[in-house]
Amino acid sequence: MSVLAAVRPAFRAIAATVVPEATSLDADGWKELERIIEQALAARPPRLQRQLVILIRAIEWLPLLRYGHRFTRLDSGRRARVLAALQESPLLLLRRGFWGLRTLALMGYYARPAAAASIGYDADPRGWEARR
Amino acid sequence: MTALPERAYDVAIVGSGAGGGTVAQALAPLVRDGRRVVVFEQGPRFDDDEFTGCELEMASALYADGGGFLTAQGTMTLAFAHAYGGSTLVYTGTSLTAPERVIRHWGVPGLDHADLLRRSQRYLAENNVHLLPPEEINDNNRLFVEGGARAGYRVEQFPVNVKGCRGSSLCNLGCPNQAKQGTNRVQLPEAERAAGEVLSLPIYPELAPTQLDQVVDAIRGFYR
Numbered sequence: 001m002s003v004l005a006a007v008r009p010a011f012r013a014i015a016a017t018v019v020p021e022a023t024s025l026d027a028d029g030w031k032e033l034e035r036i037i038e039q040a041l042a043a044r045p046p047r048l049q050r051q052l053v054i055l056i057r058a059i060e061w062l063p064l065l066r067y068g069h070r071f072t073r074l075d076s077g078r079r080a081r082v083l084a085a086l087q088e089s090p091l092l093l094l095r096r097g098f099w100g101l102r103t104l105a106l107m108g109y110y111a112r113p114a115a116a117a118s119i120g121y122d123a124d125p126r127g128w129e130a131r132r
Numbered sequence: 133m134t135a136l137p138e139r140a141y142d143v144a145i146v147g148s149g150a151g152g153g154t155v156a157q158a159l160a161p162l163v164r165d166g167r168r169v170v171v172f173e174q175g176p177r178f179d180d181d182e183f184t185g186c187e188l189e190m191a192s193a194l195y196a197d198g199g200g201f202l203t204a205q206g207t208m209t210l211a212f213a214h215a216y217g218g219s220t221l222v223y224t225g226t227s228l229t230a231p232e233r234v235i236r237h238w239g240v241p242g243l244d245h246a247d248l249l250r251r252s253q254r255y256l257a258e259n260n261v262h263l264l265p266p267e268e269i270n271d272n273n274r275l276f277v278e279g280g281a282r283a284g285y286r287v288e289q290f291p292v293n294v295k296g297c298r299g300s301s302l303c304n305l306g307c308p309n310q311a312k313q314g315t316n317r318v319q320l321p322e323a324e325r326a327a328g329e330v331l332s333l334p335i336y337p338e339l340a341p342t343q344l345d346q347v348v349d350a351i352r353g354f355y356r
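If you're matching them up, the sequences are chains A and B in order. Residue numbers 1 to 132, in this note's numbering, belong to the letters of the first sequence in order. Residue numbers 133 to 356, in this note's numbering, belong to the letters of the second sequence in order.
Among the clues, some could well be false.
Said to hold, decoys possible - Derived Cβ-Cβ restraints for the label pairs, each shown as a range:
1. 204/B x 69/A: 32 to 42 Å
2. 207/B x 121/A: 21 to 31 Å
3. 84/A x 204/B: 40 to 50 Å
4. 9/A x 140/B: 56 to 66 Å
5. 161/B x 45/A: 42 to 52 Å
6. 267/B x 58/A: 34 to 44 Å
7. 349/B x 75/A: 51 to 61 Å
I should point out that these hints are in silico values taken from the structure, not numbers from a laboratory. Built from N, CA and C at the ideal position, the CB exists for glycine as well.
Whenever a hint applies, use it, and build me the whole structure from the sequences.
Structural data, given as structure tokens:
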């Protein structure tokens with residue numbers, strides 16, 4: 001069962017703020033990114049999955065208080081400021097939650113073979129022989 | 133779930149990594165003298181061809197919580213392996229002997245740096261710890277050395293415990309070429325060989341969490 005389905009637009013807005021390169025992903029690229037994350041989440045307890053969804057919902061709605069708009073309606077600069085505030089929050093729970101979310105976004109983006117190739121990551125079991 | 137068979141041991145070692153694996157080998161002579169020694173390892177034992185080098189596959193297979201094990205306070209994550217060989221399976225192979233100032237700072241009664249150095253020689257030899265020859269230093273590290281030297285730093289190589297390294301750059305995902313000489317390749321097989329054909333030094337693979345709890349309770353009882 002999909003964890004991200006209920007919060008997909010907000011999740012994608014967050015992921016594209018954490019990894020700006022993700023804005024250029026097409027539909028298949030996003031599908032692949034989310035598949036990687038869903039696979040990682042499937043092994044985690046349901047409680048953690050629920051907490052993640054709650055956090056994403058909170059990130060979507062919290063900016064209403066400061067900017068009068070939801071996260072998905074903000075420009076990229078404001079989105080980055082919202083996430084930076086979470087990262088530096090005095091509340092451990094928020095810092096912890098955002099750290100996990102950020103890790104997932106980075107993993108989902110960079111674990112795709114296309115992203116690995118684009119940054120020149122060419123680890124290969126055959127080692128030097130494959131790179132010659 | 134089937135109940136674990138009840139067995140009695142003289143020594144129970146928890147974990148099969150750098151600590152547990154080394155102790156298992158060191159205690160192997162006791163097995164020849166009729167003592168029963170067991171190593172408990174939570175993770176599975178992988179065959180050589182199961183180290184594929186694929187990031188997602190190997191991270192979830194080798195690491196606790198896929199490498200994102202969160203500490204109880206939730207303030208940091210730890211990446212450690214649970215498999216036959218423990219974290220010696222996934223570290224980069226860097227093999228250092230603790231410097232004198234560290235041992236002095238620890239202040240452990242009876243732990244003398246000179247003695248530690250002497251004992252370490254055995255493991256450095258067994259695990260083929262050495263400095264890589266210049267032709268095996270990759271571009272990243274070569275640039276780092278050059279940059280460090282130009283900035284006025286003294287840059288040194290870390291000795292590593294590899295044999296037949298092919299430069300896969302996949303050390304952290306379990307060497308796909310079996311080059312890294314962790315306890316899974318050196319100390320544990322040696323310990324098992326010493327036990328002869330009798331499984332008096334078994335390695336239990338793939339314990340289920342509930343079975344692990346049973347084992348932990350039994351071990352606590354053992355040490356009480």
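The hints, checked one at a time:
no., hint, result
1, 204/B x 69/A: 32 to 42 Å, "holds, 38 Å"
2, 207/B x 121/A: 21 to 31 Å, "holds, 29 Å"
3, 84/A x 204/B: 40 to 50 Å, "violated, 27 Å"
4, 9/A x 140/B: 56 to 66 Å, "holds, 60 Å"
5, 161/B x 45/A: 42 to 52 Å, "holds, 44 Å"
6, 267/B x 58/A: 34 to 44 Å, "violated, 54 Å"
7, 349/B x 75/A: 51 to 61 Å, "holds, 56 Å"
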